[in-house]
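Asker: Take a look at the letters that make up each chain.
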Amino acid sequence: MGRKLLLEHANIEGIASYDVYRKNGGYRSVEKALKTMTPDEVVEEVKKSGLRGRGGAGFPTGMKWSFLAKPEGVPRYLLCNADESEPGTFKDRYLMEKIPHLLIEGMITSSFALGANQSYIYIRGEYMYVLRILEKAIAEAYANGWLGKNILGSGYNLDLAVSPGAGAYICGEETALIESLEGKRGNPRIKPPFPAVKGLWGCPTVVNNVETIAAVVPIVNDGGDEYAKIGIGKSTGTKLISASGNIRKPGVYEIELGISVDEFLNSEEWCGGMKNGKRLKACVPGGSSVPILPHFLVTKTAAGEDRLMSYESLADGGFATGSMLGSGGFIVYDEDQCIVRNTWNFTRFYHHESCGQCSPCREGTGWMEKVLHRLEYGHGKMEDIDLLWDIQRKIEGNTICPLGDAAAWPVAAAIRHFREEFEWHVNEPQACMQRNYGLVAEKVFAPASV
Amino acid sequence: MAFELTNHTSKPVTAREKDSSGDSLSPTDTQKDTRFAYIDNQPYEIREGETQLQFIRRNLGQDIVPTLCDAPNLEPFGSCRVCSVDVALQENGAVRTQASCHTPVAPNSYLYPNSDRIQKLRKNIIELVLTDHPLDCLTCEVNNNCELQTVAAKVGVRDVRYPAGKNHLDRKKDLSHPYMTSDMSKCINCSRCVRACDEVQGQFVLSMAGRGFDAHIVKGANQNFFESDCVSCGACAQACPTSAISDVFESKSIANTEKTRTICTYCGVGCNLEVATVNGKVKSIQAPYDAAVNEGHTCLKGRFAFGFYNHPDRLRTPLIRRNGELQPATWDEAYDYIANELTRIKKEHGPDFIAGISSARCTNEENYLMQKFIRAVIGTNNIDSCARVCHSPTALGMQRTFGTGAATNSIIDLKYTDLIMVIGANPTEGHPVTGAKLKQFAMKKPAIVIDPRRTEMARYAKYHLQLRPGTNVALLNMMLYYIIQEGLEDKKFIENRTEGYEEFRQKILALNIDEAEKVTGVNRELVRKAAIAYASAPNAMSFHGLGVTEHTLGTFTVMQIADLAMITGNIGRRGVGVNPLRGQNNVQGAADMGCQPHQGAGYLDVTDPENHKKYEAFYSAKLPDYVGYKIPQMYQAALNDKLKALWLMGEDVVQTDPNTHHVKAALAKLDLIVVQEIFMTETAKLAHVVLPAASFLEKSGTFTNGERRIQRVQQVTEPLEGTKPDGQIMIDIMNRMGYAQKPYHPDWLLAEISQIVPFFAGVKWNELGDNGKQWPVAQDGSDTEILHTDSFKRGKGKFIAAEWRETPEILKNGQEFPYIITTNRELEHYNNGTMTRRTGNVKILTEDVLLLHPDDAARHDIKSGDMVCVISARGKVDIKARVTDEVKPGVMSSTFHFPEIAMNNITSSECDTDALCPEYKVVACTIRKSKGKYKEEQK
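Chains as they are written, first to last, in the working numbering: chain A, 1 to 450; chain B, 1001 to 1939.
Bear in mind the hints are in silico, worked out from the structure with no lab data behind them.
Computed from a predicted model, the values in this text were never measured in an experiment.
Virtual Cβ for every residue (Gly too), placed ideally from N, Cα, C.
It cannot be assumed that every hint is accurate.
[Said to hold, decoys possible] Now the stretches of chain A that chain B is said to cover, found in silico as 3 or more residues with beta-carbon under 8 Å:
{"no.": "1", "segment": "67-75"}
{"no.": "2", "segment": "350-356"}
[Stated by the list, open to error] Simulated coverage check for chain B against chain A, where a stretch passes if three residues somewhere in it have a Cβ under 8 Å from a Cβ of chain A:
{"no.": "3", "segment": "1078-1091"}
{"no.": "4", "segment": "1157-1166"}
Between the sequences and the hints, there should be enough to build the whole structure, so can you do that?
Answerer: Structure (structure tokens):
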């Protein structure tokens, strides 16, 4: 049984309420930080912990915090990115829903460390009910003196507010989030300047994921060194994994980084193996944006070593034979699943979510969707596969924000590992239709709908 | 997830790491030097803060890297990705693709702007863009001048591999507006128009709606151009790389290729214009990006309102009043008539019975000739210009305090200042291009606006001191008081550079704050905060307009503004100073050239024996050594039979001077009124001789803008048949009356002027270039951006205290007429509107309206759109009401652009006590709902 740092108390009755949370040791980190530590000492503990951003990029949090510019007389902001929208990722929602005070506590401690007096949680608009949970928790925190003026008599002031998005995945990109929070259209900004220098209202700003901020609580309570003992190499601590797909036990799991993928996939403690005794076909280990892995690269690396649930091991082999831990959206596909159809589905999402700012992404995501739709519905040509490859190459790395990359990578990996299945769609469209939809071909050869 | 994958495209390339093995490779010197970066492995020096694109273009030219979303006057945006280049950390090393337009160039980086990879990338991007763009280039308005077309041709797109799919080619055109057009099927979503609207004009009308493939430009709240809040500046049309947004003049069409650079005739900003002509006809106007004054921007007047120049209403033949009627005549007849009459009057009554009013709309050369004619040929100092009715108090007040009556700094100083104070000016309407810059400033940094109306600037300003009209002096005294009280004076500056401070200080400290607060109606705490902000900003710049000068205490207000600058040391360096926003295009020049009764060309006092001698020798004529009439004195003289002839060059005094009844009565007494005009104005209708003049597009010369910049006006087209440039008319009459003057040629005239106007010493026509020179111009041709840097023109700056007094208008009429009406300007029209009312502008703004507060409206049962009768001690006018809280209760506001309303029927003859500038800004009046018919609301 692995250690749990975030979800340890998640199943205690009434933990969403302040009293129960406090009785179970809640808000200790705030007391410790505000009463016994300087802000820099808190940053130092986070650095020592080796905590890496849990939103997907895995950038060391302590380093991000130390980049924050601190000009005299200019406010600084901490923004919590709760715009969890990536297909296959639902861990932040679970955490906020179950144990909202953990996030509030993390926000207070982190804001103190960064010298922010006004912080925001930017939450996905679709999570309106979670927003209400958070607002209730914030009201309780205010009522009990954890927020507001002169917290714990330390002289430190902090106001915290929740702000909902309006249904755009792009607002999970930190600069688009800032634009949106400022009340503008959620278009990503060009960098530099980075938010650490010019973020919200032009002031130095840190944007962290929900899970990252929650992890600050155990780090401050137990010390960064203690946190760093968990995990493997530069993948320290625990990670929430959203497991979904054709497995027996889908759900949100907190794992110690460094357990093997095989154990996570097959042990009863976690996913419980494949559903209905089917065989594993492929796995997307880190949310829809990361490259898909074929079955033979899921539990083993190309070199034949055990694949581990860690930033490094999942990325082993680069994009040729590896993938990424990303946000921890672990999606499993069994032998019945169609990779072309799945890729089309992802691409449809990115097409819908492109902000439209950069030409390669605005036009390219649409064409990828169209070409994939054509292939999936039996109108494809062999050149389409090369065209698809060509489009994704033109998007990747050629956009202001990483949404372009996120749209390109799944397409690239699918073609790289499953080219035969794409060709099969071209060569035997009727057979594909029959497999994917159980229909006779003539009935579905309708004109393309996009 | 909240995705935040590493964005490896936008991080700058880090400096080449020190590599111990590098020694064996024996790198060249430049490789170690952080001052260099490489393009195709060739080293080039980099400049601080440069982007990769700027670096490449500076060294290898504009055409190396194609762009679509980049524009010269906009911030980098990075969305089209066509400017991408390959970047490596070492020679021929592993490359990464970066958008060059916004990525800073890193020392020792290796840029490959046209590698095979990059060329393929660009081609693919353009191919994608073309899937949603019509391929009807041959019939497109911008065919052969389309940036998309050029880039597509350059990257060599031969076919589009995507079959016809969902697209936006069926979008409807928007032809709702008199000037702006759009055809969004041509849009490539580069956002240049949106950014131009935001960054250049600051209007925020255009924005992007929808997302991804559905992203599209919307105007206002998804309206058409006409319904939206568009101010028709045309910045978006000029910015658009295709014809998605354009204008009715098709200014981006290559049919309009013959281009002439000249200066706008409308306001004192002095925008450079690029006028396109075909067969000698003006087709369209654009703003050059390299113009120092307007940097690729201009307003709807400059860009679109040129249609007046060949309007059927233009005067095309001289007219002589015969049997009470103006009848066509030849030039010779007209000249003979004038010469005979002037000679007769001069003989019968003496030269002082003749007067001239020059025009700030005309060139320096023409103004010079006009005053020379009046002084040297007629022999009187009765010469004045419309500077009298706008900024004469500025000239006088600043001469008394600083020694020179001109803006101390330049508009470019806005880039260096920390705070602006705008007093009695509405620049977003009156000086739109400078106004846009001031507005941009106010959105980012603190601004103080002192104005009775909540103008657009006031809405953006941190401090708006909304005073009662006529109380500027009281309010500025409050500011001075608080600055002294807070100890925020710049003691060192006062000590070293000024005189008269102690006495001044005592007077200011004796101020009765209670009374000042009461009369101004502005909370003292707000004034105190604004005063502290002004005094404690490292650099503070003040701007003022006619709301300062057109008062009985106008000259004193100007001196107070100068006091404020001196007491805080805000004078004599970048980003500070006292900057009058000059009204007309050449009002600075008209005064410089000596069109005023007390000073000759170059501001030399005509009563000074030395100057007098100098002028007499220079003009080879006998000149009077006493001061002549100012404009209001001319009317008085006429009424007293002391004036018999008046020559008006392009000045419509009947519509624009206050108290029309008084003006008309004076004119009726004259034996001879000569009017040089381009249209039959209200004044021309009363003339004895009307001479058809040429417009600014039809002549050459120089205009001097509000920042003392002498710029070249270049003839774009031949004068309409039957018309002559005003300068030529002056020369003709001078010769006719026996004074030999060479034909009108700006080059020759500038040479003459530079010999008599000291600060024009080094001005030469051929050396003025596109962006002109700011006077004083030294003999060696070097010019001056900032005045009074080391010492004031008059030696030490002089503090002069002013005491507030109620204007006689209120004292005399305030009881009977309890409201105050103040006059102002609207963006779409210019002064008496003779020009703008003959362009599409009149479709945008159709009439003068009266702004009044809801409380006042309710009291008289007036609703927006009702006709209101406004009555003053002079007369009454009927005008449509617009109920708004832009004005305070008791205060109303209107314009006099339309002769149908003739607002000057009610303005008074009160004048500035010292400069005799009329008090347009305070008119005691009363209102009632009009018995006249209601007009349909047109806009």
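Asker: According to a criterion of three or more residues whose C-beta lies within less than 8 Å of a C-beta of chain A, is the segment 1157-1166 of chain B covered?
Answerer: Holds, because 4 residues of the segment 1157-1166 of chain B bring their Cβ atoms closer than 8 Å to Cβ atoms of chain A.
Asker: Counting residues of the segment 67-75 of chain A with a beta carbon closer than 8 Å to any beta carbon of chain B, are there 3 or more?
Answerer: violated (count 0)
Asker: With a C-beta cutoff of 8 Å, work out whether three or more residues of the segment 350-356 of chain A approach chain B closely enough for the coverage to hold.
Answerer: Coverage by chain B holds for the segment 350-356 of chain A (6 residues, Cβ < 8 Å).
Asker: Apply the coverage criterion to the segment 1078-1091 of chain B and chain A: a residue qualifies when its Cβ sits closer than 8 Å to a Cβ of the chain, and three qualifying residues are needed.
Answerer: Check passed, 6 qualifying residues.
Checked against the numbered hints listed earlier, the structure breaks hint 1 alone; every other hint is satisfied.
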